[in-house]
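Start from chain Z and add chains Y, R, V, A, P, L and E with the ligands according to the hints.
Chains as they are written, first to last, in the numbering used here: chain Z, 1 to 75; chain Y, 1 to 75; chain R, 1 to 181; chain V, 1 to 181; chain A, 1 to 259; chain P, 1 to 259; chain L, 1 to 355; chain E, 1 to 355.
Check the hints yourself; a few may be wrong.
[Said to hold, decoys possible] Below, computed lysine-lysine pairings styled on DSSO-like, alpha-carbon distance capped at 27 Å:
#, chain 1, residue 1, chain 2, residue 2
1, V, K80, L, K3
2, P, K254, P, K18
3, R, K153, R, K143
4, P, K213, A, K153
5, A, K201, Y, K71
6, V, K149, L, K3
7, V, K125, P, K198
8, P, K7, Z, K71
9, V, K80, V, K139
[To be verified] From the derived model, a few chain L residues whose C-beta atoms are all more than 10 Å from chain A:
#, residue
10, F27
11, V61
12, E91
13, G202
14, K203
15, N210
16, K228
17, G276
18, K278
19, K303
20, G313
21, E343
Simulated from the structure, these hints should not be mistaken for laboratory data. C-beta: ideal position from N, C-alpha, C; glycine also.
Spelled out, the chains give:
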Amino acid sequence: MAKIKGAVIIDTERCKGCEVCVVTCPTQTLALAVEVNGKGYHYSYAAFPETCIGCANCAVVCPDGVITVYKLKVE
Amino acid sequence: MAKIKGAVIIDTERCKGCEVCVVTCPTQTLALAVEVNGKGYHYSYAAFPETCIGCANCAVVCPDGVITVYKLKVE
Amino acid sequence: MTEEIIIAGFGGQGVLSMGKIMAYSAMMQGMEVSWMPSYGPEMRGGTANVNVILSDERISSPILRNFDTAIILNQQSMDKFEQSVKPGGTLIYDGNGITRHPERKDIDIYRIEAAEEASAMKMQKVFNMIVLGGFMKVKPILKTEYVIKGLKKSLPERYHNLIPMNEEAIKRGMEIIQKVN
Amino acid sequence: MTEEIIIAGFGGQGVLSMGKIMAYSAMMQGMEVSWMPSYGPEMRGGTANVNVILSDERISSPILRNFDTAIILNQQSMDKFEQSVKPGGTLIYDGNGITRHPERKDIDIYRIEAAEEASAMKMQKVFNMIVLGGFMKVKPILKTEYVIKGLKKSLPERYHNLIPMNEEAIKRGMEIIQKVN
Amino acid sequence: MTEVKAKDIVKPENLAYKKSKILTDNVMHYCPGCGHGTVHRVLAEVIEEEDLQSKTVGISPVGCSVLMYNYLDIDIQEAAHGRAPALATAVKRLLPDRFVFTYQGDGDLAAIGTAETIHTCNRGENILMIFINNGIYGMTGGQMAPTTLIGMKSSTSPYGRDVATMGSPIKMADIVALLPGTCYVTRQSVNTAAGVRKLKKALKKAVEYQRDKRGTCFIEIVSNCPSGWKMTPVESNKWMEENMFPFYPLGDIKVPKDS
Amino acid sequence: MTEVKAKDIVKPENLAYKKSKILTDNVMHYCPGCGHGTVHRVLAEVIEEEDLQSKTVGISPVGCSVLMYNYLDIDIQEAAHGRAPALATAVKRLLPDRFVFTYQGDGDLAAIGTAETIHTCNRGENILMIFINNGIYGMTGGQMAPTTLIGMKSSTSPYGRDVATMGSPIKMADIVALLPGTCYVTRQSVNTAAGVRKLKKALKKAVEYQRDKRGTCFIEIVSNCPSGWKMTPVESNKWMEENMFPFYPLGDIKVPKDS
Amino acid sequence: MEKELKLMKGNEALAEAAIRAGADGYFGYPITPQSEILEYLTEANPQATTGMVVLQAESEVAAINMVYGGAACGKKVMTSSSSPGISLKQEGITYIAGAELPCLIVNVVRGGPGLGTIQPAQSDYFQATKGGGHGDYHLLVLAPASVQEMADFVELSFDLAFKYRNPVMILSDGAIGQMMEKVYLKPQKKRSEEILPWATTGKPATRERNIITSLDLDPERQEKFNLKLVAKYREMAEKEVRFEEFQTDDAEYLFVAYGTSARICQKAIQLARAQGIKVGLLRPITLFPFPKKRLNELGSKVKGMLAVEMSAGQMVEDVMLSVNGKTRVSHYGRMGGMIATPEEVVENLKIFIKG
Amino acid sequence: MEKELKLMKGNEALAEAAIRAGADGYFGYPITPQSEILEYLTEANPQATTGMVVLQAESEVAAINMVYGGAACGKKVMTSSSSPGISLKQEGITYIAGAELPCLIVNVVRGGPGLGTIQPAQSDYFQATKGGGHGDYHLLVLAPASVQEMADFVELSFDLAFKYRNPVMILSDGAIGQMMEKVYLKPQKKRSEEILPWATTGKPATRERNIITSLDLDPERQEKFNLKLVAKYREMAEKEVRFEEFQTDDAEYLFVAYGTSARICQKAIQLARAQGIKVGLLRPITLFPFPKKRLNELGSKVKGMLAVEMSAGQMVEDVMLSVNGKTRVSHYGRMGGMIATPEEVVENLKIFIKG
Ligand SMILES: Cc1ncc(C[n+]2csc(CCOP(=O)(O)OP(=O)(O)O)c2C)c(N)n1
Ligand SMILES: Cc1ncc(C[n+]2csc(CCOP(=O)(O)OP(=O)(O)O)c2C)c(N)n1
Ligand code: SF4
Ligand code: SF4
Ligand code: SF4
Ligand code: SF4
Ligand code: SF4
Ligand code: SF4
Ligand SMILES: [Mg+2]
Ligand SMILES: [Mg+2]
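Next up, chain Z with everything else stripped away, as it sits in the complex (with noise of 0.2 Å):
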């Protein structure tokens, strides 16, 4: 059966830690981190980026648009 795997790559030091990208995630990959970034902010990563499916669910709901998204199809 083909799948899909994705990888998202997000621009912390621009991400405001909103956590909207999170709470949209269908596979829950994402997280804020516990660190912040230069702004102070606990800044969204990808913390389990195996699970991702490269929706990009969290890219189109991000108000910043800092997350990039790839997706390859997997047999």
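Chains Y, R, V, A, P, L and E with the ligands alone, transformed into the frame defined by chain Z:
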């Protein structure tokens, strides 16, 4: 049979000759005068006073409120 | 030569357009002109007046207190402007509706029964042209040919058939104006 | 005595309210005070600073270029205000997030690890009170009892249970502030 | 049947109609046949009959009715163009037991004053708004109004109102009826005696609703402007019936739920 | 199933989503989680995908989005508070083949700009109006907006919006849908990926309608203001779903007759 | 009753003082840097205590016209805004002046033109004093220089507004609006229940109807009205000029400055005198009427006057008109939300002295 | 091509001249005494010939903001109104000045304040020249005194507006708007098709995006912008001052008057000289920038200057600022729609001469 007789008093100096009362009167009592008043208007007057039934329609539509109406029930 | 004129009467008597035709024809004759109305809220029945200046020189003030000629078409205007005619000047008035006639001795007074004439001729619309004719007779500044040109310019094309009637009115005005004093 | 102070840091660090409590307690001690914030569009994350003046005399300008004391809570503010301390004046700063430490030799420099302490004590909310405690130690103008009074006035009734925690924070601040040069 | 002479009829006890004393003796500056005068007269009657003179504050607009204060013997404020509802809002809030009304033309209420109209209705201010819709700017000499009909000529739509460039006539009553703040929205006319009598009833209802603090009452009166329309008064009324009424149908648009 | 490493996936040919180039690299000044940013991003995508950069003139309002010109790589005019539709009217009439849109908040569009909103829609200007309804004045620190919900607290309704004194929240989309000048009126949101994708479709329709000169398109976006509402972004989205959406239901309110 | 001591922002002090002065109504629209006024009032909710009406209007235009309506009822009403909002109110303001109504308008000035900045400025001086609206009218303009004056000028404004039946403006700026200082607040006054004889509150049988209007279609009557206004402004100029002097006795040079700039000049005087420069300050408190007479007198005494303003040079024109060539007059200004420091004022005084 | 001779009202001449100057758009709202401008344009329907857009807006506020939008596209756009409408436009005007946009605003002044009268006045001088809106900005203000100038100043205004990227105002009055005179009209110009480099017309790949705004949240940058404006106004003062002199060579006294008042003063000169009084006239054509330098020179030559205005005294302040005490300056004014006659001006000149 009881009949209603009416009479109108028109303040001809204040009348602007708009003719609205004339066309409103159900009994064709009123007409515009050939002469003009001090303001240059062909004022309205009771051309056929005997036909007036005192319905006050003329007074009610007169924009300048210059008509006073009286009526009497005649047996 | 500078002629300073006021025309005053009811709105609807064609006061403003008479002034306009005067100014236009003078302009066609190469003169300097100004036409300055007193304007009010745009409603019927008020009074209207216009200052018209016809001159060989550049016109300074278009608004004046005293005039060479006053053309007066109702009682209110008579009350207001009789005194504004310069000594030696001219007052032309229509007697219709005038209850107190002009009394000054130091000016020339003319009367023109234009309203009467207009209704006799069934040409209410050209009442003001009759008055204009009177003025042209008394003060021969404007030439009839230019007045007609002026009319042509100021009337929309579709009314040009009315021009002969206007010409007729001017002629009548010239005939019926009468010196009073 | 006149003490001219600037407090500068991120919005959200409690810069403005620290200034307000200073002003309030000084006022309760009978001093003249002024509190002048730099205000921006009301959005999070910007920088904030406030000029506070405590004085025995009527205060003239509430806006100043040079200060007796600067309390500096982030790098941007350090860059902007280090030079504005008067020679012989005082600079107090929190080392957290500071990448370039103050370099002046002609002023007294104090460091207070308030952010660290606040998170150690799990009292992030009273970070600014720790800093205030440090200031009170270095510049003994404000009396703790009046500061507490000030806190009571500025906190809504329902938060008065937090006052002991604030008092504790001030005490900690007095303890942990350290002279650097 | 006996012969009756006029002098037998004209006696105080036989009086059938006389203008209200609230209408002053000043000659109204309105053009012959203009509906403004009729509305003033009816309004005066209502104020008299409801004994409201000492309680009424009226707000006149900028428009032909700017001089309303010369004709109604009540306290009146003359507002800036379009702002009568703002004045009325303050008056009513500061003097909640007074009867407060605005009187506005279509330029005033539906063009420059659109925001004030909508927000006053939306707040549900307890006032009466009287809206004289004559499809034109009367006062300034007959320019196009927001309510000018499609194809209708005015001094600023000399070739007729063109939808593509000037938009469609706007139905303010329908818009304010949408807002929860209004309690009574109706469209009336004064070109016939029956119409005038209906308007009077509507005005009385508005007085009652205001007394009961029900919200904003909005009475539109589709009216004529013989001068602006370049018609005789009688022609203008006819034209109005044939052209305005189909587009602005008369009758109640919104009535209080329990009435 | 083979193990796939991130580095195998992150390759240009596998790109699934990347922000549009029309969105500049400037860090947006919006608060974390604010819907303004999302709408900007979608708008940028549409402008890019429809190849409109060289044809677009945008009008930003006074409100949090005043600085829109820092984030969209297109020509932008910054209007006075409430007046964006007036600017857009002139731009579109002078440059009829350009894609012209306004972007306004609820204070801007539904309070001070009410008259411009309504008359621009009534004239049926061929523009797109984007309306961010977050029920509050974000920019100035959280004051009540005309669209603030009943009972909702703000810095000028600290005890909650009270209908009796402050009126009800106003539904601008419903009002403008009444006007013949509008061709497309819809209410959207950006709090979920599905919502964002719908908004994008709506924007593309508006582009098409404007190209076809169908009249005014009006897209309301019910959005959040975490700062003004004093909530975290995630809380604010939840609150919005539970409170704003019932009152401002999402979906099309008016669509062109033949579509 | 004792005055109450508080630490408040200028905006808050003004709002609280309005309640205590027995104001009947406030109508406003949010704008930085003065939104605290409306916010404070909605929080304080005086409707429940004094009965004062507080209403957020749909716009500044609506707000000023609400003020018009309320003032026409003889009520103590007010509005506040900042520069762009005040520009929008200009038509309403000239109507209020033309209808001779009392009211208070507060402008907490920010940098302009246009949307500008939200930082403090004094660049609305011309608008406030010469008439930003059309027609020959003037506001009476008060310029507070402290939070205390923000509070005190409210009652003063209402008193003057009713005395002259003229709108009064408090011309403040973002600095004074946003800063906190000590302020002594007066005790609560009761709202007046008096019905003023000219007010439109419903016509009783006992008087003629009252009409509030700014219209007169007859220019002769309108001119009489204009002359009445001129006479009123002249009376203000005679009776209502207010100013404060600092160290003018021995001054060889004079700062002229109001509001925030005057505060800065006070400090600049200390600095300058420490350097041996004898400089004083005249602080106009009323900007209209302007302290012309006193400045003219001082014009004979000093070697020069430096107008210090947060503007490109506006009040300086009134200074020049006051001294009419008697002494040198110059201007030093910062703009766009920038505020001069006392130090730079001294530097510029020295440049001025050098000529 | 020949110039065309017509008899026209000032308002009509201005409207026709706008079409012929190749204007791109007019946005206005009716108000007496200038409604003829919009009426003339709708009748002429230039959309069908030159492509000029003519639109009746829902209000003056909308109209001025349409002008803002159109000007931001680099188009030749204009609006017109009369006093109350101009007051409403103040916010829009200061935005346009703050965004450095070119446009033409026509004010056909009527008596104020408030609704006032509809008769001619000159009481909006301060508003026009000092800035009726907030913030430090100025319009370039032209004052026509004839129907010919109503026509001629349209193209001049657009030229100046684009040269300086600054709004230009034609400050006329009801008399000049309503009166008819001879006017020579220039031939029709084609509308420009040039796309200006700063205009917002859609960003091609070849340039950075264009942004039109009056906002700068950073006061330091805002101040730099304010200084740029100051420099621009200074440049105008150097290059754009326009005025006309009548019989100043031998004048012992000087009238200073613009627009309608200047016309009246010309006649007054004739009357006064006939009585042996050597009086001349300086007529400022630009009110901002004001002919300060020339007046200052004349200040050394004449025994006094009488500013004649249809106002309570506004331009007279600029006359005084120009001469700075060098000579006596006084004011004679009518108000509220009244116009002085030449005779009464002479009477008042005599009173002035007596002292
Ligand atoms: C701010 C302002 N703009 C414009 C005007 C000019 N004006 C006076 S009345 C009017 C319109 C009147 O039309 P409407 O409201 O329909 O009233 P009507 O005269 O038809 O009864 C206008 C535009 C004004 N006085 N003030
Ligand atoms: C004439 C004017 N009035 C008021 C303001 C202040 N102001 C700036 S933004 C704003 C409201 C913003 O609210 P909204 O339109 O809802 O936008 P948001 O910030 O919520 O996106 C106000 C009142 C102004 N700049 N200009
Ligand atoms: S692309 Fe989809 S699965 Fe992957 S992180 Fe984003 S939302 Fe989650
Ligand atoms: S949505 Fe964007 S800004 Fe928000 S946490 Fe996720 S990556 Fe960061
Ligand atoms: S009262 Fe009736 S019948 Fe008599 S004249 Fe009037 S309308 Fe005619
Ligand atoms: S309706 Fe009145 S004004 Fe008109 S003609 Fe009849 S009486 Fe005269
Ligand atoms: S212009 Fe029209 S609305 Fe005005 S009074 Fe005349 S008819 Fe009535
Ligand atoms: S204040 Fe509200 S609307 Fe403005 S950026 Fe912040 S969250 Fe968004
Ligand atoms: Mg109308
Ligand atoms: Mg909002």
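Against the structure, the hints come out as follows:
| no. | hint | verdict |
| --- | --- | --- |
| 1 | K80(V) with K3(L) | 41 Å, violated |
| 2 | K254(P) with K18(P) | 32 Å, violated |
| 3 | K153(R) with K143(R) | 16 Å, holds |
| 4 | K213(P) with K153(A) | 25 Å, holds |
| 5 | K201(A) with K71(Y) | 23 Å, holds |
| 6 | K149(V) with K3(L) | 20 Å, holds |
| 7 | K125(V) with K198(P) | 41 Å, violated |
| 8 | K7(P) with K71(Z) | 11 Å, holds |
| 9 | K80(V) with K139(V) | 22 Å, holds |
| 10 | F27 | 6 Å, violated |
| 11 | V61 | 7 Å, violated |
| 12 | E91 | 6 Å, violated |
| 13 | G202 | 5 Å, violated |
| 14 | K203 | 5 Å, violated |
| 15 | N210 | 5 Å, violated |
| 16 | K228 | 18 Å, holds |
| 17 | G276 | 57 Å, holds |
| 18 | K278 | 52 Å, holds |
| 19 | K303 | 49 Å, holds |
| 20 | G313 | 33 Å, holds |
| 21 | E343 | 47 Å, holds |
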